[in-house]
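Chain by chain, the residues:
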Amino acid sequence: MFIQNLGGFVEQRQISLQGDGILDIAIEENVISLSEVVVSSEKMTNISRPEMGVQKLNIQAMKRIPAILGEVDVIRSILTLPGVQTVGEASVGFNVRGGAADQNLILFNHATIYNPSHLFGLFSAFNPDMVESVDLYKAGIPTKYGGRLSSVLDVNAKYGDSEKIRVKGGIGLLTGRLTVEGPIGENTTFIVGGRSTYSDWLLNVLEENTDLNNARASFYDFNFNVSHKINPKNIIRLNSYLSSDNFRFDKDTLFQYQNQNFNLSWVHYFNERLELETVVGRDHYNFGIEGRDNPASSFDLGFDIKQYFLKANFTYALNERHKLNFGASTISYRLQPGFITPLGEESIVVSEEVNHERAMETAFYLGDDFEINDRLSVNYGGRYVVYQYLGPNTERIYEQGQPISSSTLIGERSFGSGETINVYHGPEFRVSGRYILNNVSSVKAGYNTNRQFIHLLTNNAAIAPTDVWKLSDPNIRPQWGDQISIGYYRNLKIDAYEFSLETYHRNMRNLIDFRSGSTLLLNNTIEQDILRTDGRAYGVEVLLRKNIGKLNGWVSYTYSRSLLRTAEEETAEKINDGNWYPNNFDQPHNAVLVGNYEWSKRLSTSINANYSTGRPITLPIAKFNYGGSERVFFSDRNEFRIPDYFRLDFSVNIEGNHKIRKLAHSSWSIGVYNLLGRRNPYSVYFTPVNGILQGYQLSIFAQPIPFITYNFRI
Amino acid sequence: MGKRLLYIFTLFLLPFMAIIGCRDPFEPDVTTTDLNYLVVEGFIEIDAQESILKLSRSIPLRAETRLREESGASITLISENNESWEFVEKEPGTYRLTGTFDPNLTYKINILLSNNQEYESDPMIPKISPPIQNVGFTRNEDGVSIHVSTQGNEDAVYFLWDYEETWLFRPPFPSPFIFNPTTNGIDLRKPEQQIALCWLDNKVNRVLLENAGRFANYSIQKDMVFIPNLSEKLMTRYSFSLRQRALDKDAFDFWEIMRKNTEDIGGIFSPLPSLIRGNINPVNSTNKVAIGYVSMGKSRSERLYINVQEVRPWPVFIPDYLECQLELDTIPPTSSYIEFSGPNFIPVVQVVNSMGAVLGYRGAEARCADCTLRGSNVRPEFWED
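Listed in order, the protein sequences are those of chains A and B.
Those letters in the first sequence? Residues 1 to 714, per the working numbering, in order.
Those letters in the second sequence? Residues 715 to 1099, per the working numbering, in order.
Please keep in mind that the hints were generated in silico from the structure rather than gathered at the bench.
Predicted model only: the values in this text are computed from it and were never measured.
Some hints could be false.
25 Å max Cα-Cα, derived SDA-like pairs, lysine to any residue [as the list claims (entries may be wrong)]:
{"id": "1", "chain 1": "B", "residue 1": "936", "chain 2": "A", "residue 2": "341"}
{"id": "2", "chain 1": "B", "residue 1": "1002", "chain 2": "A", "residue 2": "577"}
{"id": "3", "chain 1": "B", "residue 1": "917", "chain 2": "B", "residue 2": "970"}
Please take these sequences and the hints and turn them into a complete structure.
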């Protein structure tokens, strides 16, 4: 007689049966090891997904990129992808396919993040322990997203472990972080995380010539997310995020900014095919400067953006061939574009406030993922956007056909609260298709258009924290852009290697540039300082990626151009005589290598090499004496370039031992940023010293910067 | 665990590295094309003070030349009633005119260069600056800061200041003696030969601008210059002469661009440079552009003196006088010719024996004793003791 139990040994007995009786048999447990089963959602998607220009990075991949100061960083990670660039090392934001930094929609679990960085861009605003993965859409932006011209960066945060309470943390040279996650009862999970600088020191980072004895910088951020399953058909989720930065370069001027985001989402499954997600939320970003230079002129200056949003997004699997995505979203904007108030009793600064702005952006959309046959698939759809600029406010009317200026102002009209001042509306198209050539390769093409109603007014190469946002109004039209792209995708060696080649061309209209000497802050008639500008960008992106094996990583190369031209109808001033000129972040050649080698389960090393053409710069070409000093006369806009950029980073990750019965699992990340210590210039410029001009180049991380971080999880 | 934590923290403290933002001298490879633009600088005083206009040419950035004056031009001031006044070129590139002009008229200037190129200004409306309320100073732990207060009004909202600093200084080894080449002896210096007390001046300026509209009642309080501790400027007596002009909005914008383009540039959050032009335009549009903004009006001036007694203690460190010392050897009168006849060694101290007889002189390097090597021993006209 054989007695068998699943997962146990087979017991064998010879029984001579002579009557009723009981026989107890113990069956020992038998552990049979299977080979590993990997469920992958990404393998082959390179070839088969119909959208193009989409990059997905999960947190494991981000962890393998050496990060400055040892912290896994979402934005620095996406900067290693083709088509994503930055103007400089300590700059906030990033540029996608020749688009400005304000043309990226940055979402953190539905919340729009207006300032995605801490410490002038040294850290991104996202706590790595909170992040599950990021999706970057450079083209093929799904119809449910809109409102920005260049890209969508969707950062997906976690909702907590469903099995047990876990604690994770890390401590680096500047920051410490701690995350707790886990289940509460059967149907609820939560995650709460915080991160903060623990030393109030930093800041030789910035200019050497300022007196940095009094420089200080600090930040913190905090996340709290909860997911609750009411029943199998209904899930509600809470997302909340708070971040705060404070810094000063001297003891008299204190800068600070905050992001505050909060939203609630409800997912409802009507049946197996129809699903609805409804999200309601509030996003808030504000910035402030306290100036205490002199008691009489001390001031408080700041601006503030609030937006309230409501989204309803349906996904409907119509049949095997069609998968529909449709819905509506509305955003209500409340901007305080700038104010100044006296600070302290002695201050004689006059309070001033730019008119508050209000607007409503509503969109309806429908997209269809249509699998025509096994080889051909298209994803097509559209959005219709209605934008209303609302009162209370004053509309300024200028003479038609004349440059907008104080002398062509012919009238003003006042509007009461909630009254519509003007409306912009129009369709946006999103089409992309894929044709599978064979098992390992495919071609894709896409076309999309976008509109943008909120603009960052910036007159710097990099985004400064002082840059204010502005809504489209009767005199400032929404930005419009389109993009056409074609790509070829191929997997090699049973999907061990992924190769892609994409090329694109973009047109942009109603971009914003500024007249000479314009003031952006506290300017009530900013339209008089704006130059309507056209843009165009084009490029080729090549990516070769190896996902598995001891040696993995990717190599990417991008050739791209981004050019601007003062619009033909703009007569106030023509930058470079109305010719095309390079954008501030036009860096034609860009190559990145990210490589990891796993020496053992506990030891791995990574390198990151980064090369790009120097960014364009306007340099002086003549000097003259004026006002008691030598002064300079500048070349055409962006006629020159700073020297090329090259940087190599190296890191070693050491995992603690893998004993199961251990209080904490720990790991170390040790490395060097800018291993070669190359002095990559951030800018070059001339300034008079004792009345005589001197040329300088400013490098930000001009020497190897070692870092070390200790991470643990319990 | 506890031991391990301690170990971790010591490890963190070790490499608390310096991230250094680094500024290196740099000579970018820029064009050497000579743009040779006309540069016009000046202010026309309406109230019987001398007006000075300076004409020069822009210079290629890397040229050694400091200044290229534009000589031989004729500059005319023309009122809206077509009255005209000629500027006179006193020294190359500097044109002067003194007159009284009606503040209620508009004016323009016309510039005819020696090569027959002609430029003309936009119409100028004279702006009268209100008087300077006060020029004062405050001593704090880092040094002395000089500030101005001024009361603007509806007609005078935008202000520009420039200043001239003059100060007295002494070399480390002031000498009353001079070598006399005719007698080969050592004489006492005559007053015009004194080298122990000199004046130095500084005309280098930052662009100092303010918009009074920012403040209640157009009332401005603004820091002008800062004298750091150890500066020789306050060694004995210091003069700060301030000129205040009221500008219109366009002129203010011009100066603001000038300031941003040279003084607020290259930093991480610095604005991008702007095109600079001004209010001088070529009459024939095929001519090259000119740079400069000429304003007209009535300026105000004020002078402040600061004595070292007012800021004491004020130790002074002058880098030029590093390693100065009085030579130990006494040079006997017979050797005066050998030691003191050259320009580099100066008798400083007379050595006498107990009977009062001169044994000789101890000397110091000229750079340590002769203040005229850095400044001037001629008292400036304005100077008050």
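How the hints compare with the structure:
{"no.": "1", "hint": "B:936 x A:341", "in the structure": "holds (18 Å)"}
{"no.": "2", "hint": "B:1002 x A:577", "in the structure": "holds (15 Å)"}
{"no.": "3", "hint": "B:917 x B:970", "in the structure": "holds (20 Å)"}
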